[in-house]
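Engineer: Spelled out from the first residue to the last, the chains are:
2 protein chains.
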Amino acid sequence: MADALRALAIDAVEAAKSGHPGMPMGMADVATVLWTRALKFDAADPRWPDRDRFVLSAGHGSMLLYALLHLTGHAGMEMEELRNFRQLGSRTAGHPEFGEHPGIETTTGPLGQGLANAVGMAIAERMLAARFGRSLVDHRTWVIASDGDLMEGISHEAASLAGHLRLAKLTVLFDDNGISIDGSTGLSCSDDVLKRFASYGWATKRIDGHDHAEIAGALGYAIRSGRPTLIACRTVIGFGAPTKAGSAAAHGAPLGPEEAQAAKRALGWDYPPFTVPAEIAAAWAEAGRRGARDRLAWLRRMQRSPLRAEFERVLQGRLPDEWRAGLDAWKQAVASERPKLATRQASQKALEALAPAIPELVGGSADLTGSNLTHVKAMGTVSPGNWGGRHIHWGVREHAMAAAMNGIALHGGLIPYGGTFLVFSDYMRPAIRLAALMRQRVVYVLTHDSIGLGEDGPTHQPVEHLASLRAIPNLYVFRPADAVETAEAWALALARSDGPSVLALTRQPVPTLRTTHTPENLTARGGYVLLEASGQRQATLIATGSEVAIAVAAREILEAAGIATAVVSMPCFELFLRQDEATQAMILGGGLRVGIEAAVSLGWDRVLGLSGLFIGMSGFGASGPYEKLYRHFGITAEAVAGAVLRRLGRDPSE
Amino acid sequence: MADALRALAIDAVEAAKSGHPGMPMGMADVATVLWTRALKFDAADPRWPDRDRFVLSAGHGSMLLYALLHLTGHAGMEMEELRNFRQLGSRTAGHPEFGEHPGIETTTGPLGQGLANAVGMAIAERMLAARFGRSLVDHRTWVIASDGDLMEGISHEAASLAGHLRLAKLTVLFDDNGISIDGSTGLSCSDDVLKRFASYGWATKRIDGHDHAEIAGALGYAIRSGRPTLIACRTVIGFGAPTKAGSAAAHGAPLGPEEAQAAKRALGWDYPPFTVPAEIAAAWAEAGRRGARDRLAWLRRMQRSPLRAEFERVLQGRLPDEWRAGLDAWKQAVASERPKLATRQASQKALEALAPAIPELVGGSADLTGSNLTHVKAMGTVSPGNWGGRHIHWGVREHAMAAAMNGIALHGGLIPYGGTFLVFSDYMRPAIRLAALMRQRVVYVLTHDSIGLGEDGPTHQPVEHLASLRAIPNLYVFRPADAVETAEAWALALARSDGPSVLALTRQPVPTLRTTHTPENLTARGGYVLLEASGQRQATLIATGSEVAIAVAAREILEAAGIATAVVSMPCFELFLRQDEATQAMILGGGLRVGIEAAVSLGWDRVLGLSGLFIGMSGFGASGPYEKLYRHFGITAEAVAGAVLRRLGRDPSE
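Line by line, the protein sequences are chains H and X. Under the UniProt record's numbering, think of the first position of the first sequence as 1, with each following residue one higher. Under the UniProt record's numbering, think of the first position of the second sequence as 1, with each following residue one higher.
Hints may be right or wrong, so weigh each one.
Identical chains share a label here; the pair holds if one copy fits it or two copies do between them.
[Unchecked claim] BS3-like, lysine-lysine: derived pairs with alpha carbons at most 30 angstroms apart:
id, residue 1, residue 2
1, K340, K17
2, K17, K628
3, K40, K377
4, K340, K377
5, K377, K195
6, K340, K628
7, K195, K628
8, K17, K195
By construction, these hints were calculated from the structure, which means they are not laboratory data. Remember, predicted model here, so these are calculated numbers, not experimental data.
Here chain H stands alone, though its shape is the one from the complex:
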């Protein structure tokens, strides 16, 4: 049966003239034992909520997954898809892409991400089991990981966290083939991987990855170990290929027609390409039905469960009916109470309204809980063995946090958010990108969003991060100006179910600017006129976040000088640019356009044009009290007004 996987991988890579045959050939035995004996799944419903999750972290071995889905009889993964491996429009992309087929649990390829996704999935399983009980939620998470996955730093963060949280239902099958792209892993790595994982509190075992009895024994060991478990499977990359097996030549390129032919001969596989003999096909199809009885039993439990409606709701990602009520009340209260709050504080207030209303909302912070203000009382705290809480101490592990949040979102049933400083979004970027690519609802609470954080200095002051996050497709970057916009941004981030959102929030206090309550969520427009000019507009000040207050103050000066000036708040460029062009033009006005943001200007030309003015940063920040920094870098109401007056041919000293 394993040879069927090998043969299909060989054939597909040859047909595509591109791909990675070595890993599927090496791990075919392990995958066969896992899928035919241990993995809980039913090919008839690949989205069965209580299935085991299978994550191919070594995504370059995608043909292994596609062959498994095909052979076990998954609809939509017929032989034609395998023939079209790596072709435009097929479901069989070079690396597994979430959404292309329901049996693909996550998008993998960037190394280490799948492993950390799996940690998130295992966390989600525990949290949902705590809420809905073992009769509805009781499944395992299995990962196939490569040397490369384990060399990546994110593997440390993810494995350390899994050990700490004692994720006993997580098993990593390490394809220990000793080969990476450059050659022997010994060229760059001398780790004792088992000892390393033992240091994290994992159970570990080393086996021959081609010995089915040993593999089966190890899977049993993993199930019984009571800890997350790493099985190092010694395998031969490109197993069966007469000259390329065991070498980097089998890793990332087709074997070539002759070697492919010889490999099949060596495996005793005497069939034409893309052909599986009936007996083997039947055995695989049988494996694909192994879980049917379990699934039906689960469905019966589910139908009887008093928690059914709620379980279905969270699995479908539908928010509770009244989820906005508390938030709206807070928004209305703000407009009248007009507090001066940092937007990170406003975010905590919003969460205080949201957390009780949305039980599937789970939060956390990368060891900056008190700075990000991500924790609220209603949530409780997750700790090893206590899964009733809803706030996770991720530790100083931004990257694993973001990738595990992807896993939580992908698992279904929970909506994750997590906090760190905006500048450290750089540490999470590969995972943020994948959230956007996979269209997952994940919210990043990124505080300390400019030089406004003050004394910590340039290492901690983001200047390029707003621009660089805005560059990621399908990511919404919100930078709310006050407590009202913060509440609105939270509502939008949670309401969208097709992608992630950033909330960029201040450390320093800002005044309430939206002092008239609007039932409409104005942030949903992306940008809107906060204050109209007193007459025909001569200037429009367009700002985000903490700089909107500066724009408002600059407008006062300009209006006093006889310049009719409007203020546009622009909390979300992505949403603004979705409005039709006429609306955009009307909001931005025909006069001088001035952008104000304590960040680099990249991307602002889209609204300013070549004739606009930009007041912001042109380089890195500095260490000092924040008011002094704003003055030092010339981002003040006086500086804005002066620049506008000069541009309009007026002497600012008048």
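Fit chain X to the given chain H structure using the hints.
Structural biologist: Frame of chain H, contents of chain X only:
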């Protein structure tokens, strides 16, 4: 003596009303023993090339470093600087900033970076020792690291690499205080750190970080161990503070006047703020002179050395006189031979000319050597115990590679470059940022720079990375169009000594477009007219990299249709935008401006204005052969020409 460090840290944080007193108070004993007994330095010349490197990876404890520099008598770190801790214009920024004082070896604060910098410094030491001999190069690298440093993924990559390379002169002093910002480290971490580092091949030891004899013994152990060494120093955070010691309250905020007073009393420190009694001051000053004799002996060896001139040259970062000759010859040959090469291949050709000419050039790749084409024969390969090579197998460790390259550059004497795929620049981003902030000459060879990589699909296809890298201040992003521009970009990246550069290179072949040799480096202009229009310009096609050839083909179509069209190649936006505005406007022309780049448009409005056209990507890529992807996403000569004709009111089907 240690109490002097504690008292100064308390005083400075109190005066600034901001900062982290806990770490300096906890690690004062370890730092005192290190600086008074083991660290090789001479305060009279903090840039002595053969000094030991001291890296405060836990940069939030910056007052520890500032106090050490002050007490040991470093010029430029007088008491006034300590009084101005965290104030604008002082040298005592919230986190240590390279360049503010010569005794600050690297900028730290983003956790894990310092540790990986130190690995790079230790690598540089070994490589330079191999070249110049132990009489000139023989020093150690010492790191103080926190729980947070060791939780970060980059610590895994860096430590694993250091173990593999057996960097015996690297010692990490782990401030094992059990406290992070959120509280006990036990909230999020259960690692057995010693076992973990042992799994990497490190020597390890646990000591009482307040027992001077134990500390001294451990430093000796590290020196003798023959392996990189981790000393876990059990310390009490905020040692001496009566109520806050040992708790997170001492971590990131001033103690407050009362607690500060009580702490000093408890320490028996009965002096006014910023006051050190003469006897203690004298002992510290004596420590600052400890290395004077060693330094003078070294200077004598240096003066006698036949390698002196070369050693001084590389330490000063001056390139050899004739370094351009081979590259220029290659550039000239290309213009006449007109090869069709991927720019990654052209980069390898450039390196074949550069590597023999610049012996201080050291390369490497994050396990993509054969894809990035970073290796050339003249370089040899670094392996454990063999430091004569100049190409490093970094393994699948992009982040550590980038941070260690910072360390290599900071150490001095070497110019590092390293390769991975452009999409994985996301994994390196925190370190790229620091290279830009610290103005270090580091070159990133980032191949597979668009959908042009084809079948590997969206996970591997950068679309937002050019924009997001262009957002980083002081980073040059080169995307050369052909082999000539690739050679020019290499010349510019190496010639600049005030910051890092990216070379974004194609996987797929591109034609030679610069078919007339120009002695001038046109890439230095950032953007220039590659092909002028046949008459008064109606359109200007502005493109980068592989899309310049598309622009050239589109121009043919347009000129044939009677539209006078120029092509501008824009290999480096940063350099282009440094030209004066009139020159920019002349190059970009007055007609319709069309940007062409197989990436998102963010940033292009700067040259296109609001009335320009952009042909590129608006979302993520897809898996398939690259020619099909270009057609699928509408980035072809025909599509460009059609869009221009439509915009100019012409029917493209005519």
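Engineer: Does each hint hold? Answer for all of them.
Structural biologist: Checked hints:
1. K340 with K17: between (62 angstroms within a copy, 22 angstroms between copies)
2. K17 with K628: between (60 angstroms within a copy, 15 angstroms between copies)
3. K40 with K377: neither (37 angstroms within a copy, 51 angstroms between copies)
4. K340 with K377: within (22 angstroms within a copy, 64 angstroms between copies)
5. K377 with K195: neither (39 angstroms within a copy, 37 angstroms between copies)
6. K340 with K628: within (20 angstroms within a copy, 55 angstroms between copies)
7. K195 with K628: Cα proximity of K195 and K628: none, with 51 angstroms in one copy and 47 angstroms across.
8. K17 with K195: neither (39 angstroms within a copy, 44 angstroms between copies)
In summary, the structure is inconsistent with hints 3, 5, 7, 8 from the numbered list given earlier, while agreeing with the others.
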